[in-house]
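> Sequence:
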Amino acid sequence: MCTTLIVPGLNGSDEGHWQRHWLLDNPEARLVEQENWECPVLADWLGRLEAALATTESAYIVAHSLGCLLVANMASRPIASRIKGALLVAPAHLDRVEAMHPCIVRFGAFPQAPLAFPSLVVGSMNDPYMSPDELASTAADWGSDLVNLGAVGHINIAAGFGRWPEGYALFERLKTASDITGTRSRKRGLLALHGALLQGDAGAL
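If you count by my numbering, then the sequence shown holds residues 74 to 278, one letter each, in order.
Treat the hints as calculated values from the structure; they're not laboratory data.
As the structure is a prediction and not an experimental result, all values here were calculated from the model.
Check each hint, because a few of them may be wrong.
[Stated by the list, open to error] Quick list of simulated restraints, FRET-style, between CB atoms: (1) P175 / T249: 34 to 44 angstroms; (2) A182 / E123: 31 to 41 angstroms; (3) G181 / P151: 15 to 25 angstroms; (4) E245 / E111: 27 to 37 angstroms; (5) D206 / A186: 13 to 23 angstroms; (6) I177 / A231: 12 to 22 angstroms; (7) V114 / I253: 30 to 40 angstroms.
C-beta: ideal position from N, C-alpha, C; glycine also.
Could you build all of it, start to finish, from the sequences and the hints given here?
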C-alpha cells in the first residue's frame, strides 16, 4: 500500500497551512514529526524520515521549504527506493535560510545530486528563500520537473496559501509521471530478463 508522507520545513507547518489541510483531506496521509522543529539538525531529521519510510512499502512525499532539502538528502540512502515520487514545494536555499535565521539550522551543504525518484519542484518568482535562478538550477540539479507559479511568495500561510486545492493537480501530475517511470522500469527489467534467458539458451546450444 502506498502512503503519502507530509514533510514540513523549519518550525513545522502551523494549523491553516496547506500541508495541514492535506493531512485532514487524506486520512491515509501521515505527518513526519520532528522532535525539534525550531533548530533542525540534518541527522536527526533524516532519522525521523527514514523511520517513517521504514513503516511503509512505498510512499509519495509532499515536502515544503526545508523539508525539500531533507528529502533531497534522503535520496542517496538505500531506503529511498521506497519513495515513489516527491512533490517539493518552495525549496529553501541554505544560504538564505542562514541569513534569515542565523545559527539555527544545521543542515550541512545544499544537496545538488540528482534524485533517484520522480520529483516535481514548485516555486515562485519572489520567494525570499530562493531566487528564480536558484530555483531553476536546483530543479535541474535534482533532475526534477519545474513549475513556477509566479509572484506568490513562499507558498505558505503568510503568502495566502490555505487549503491550496490547486496543488492537488500538481500532485496528480507527479503521480502520473511516477506511474510512467515505473512502467518503463518494469519493461526494462522484463527486457533484460528476456535477453538473459536468450543468452542462456544460446549458451546451451
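> Hints the structure violates: just list their numbers, smallest first.
As far as the earlier hints go, only 2 is violated by this structure.
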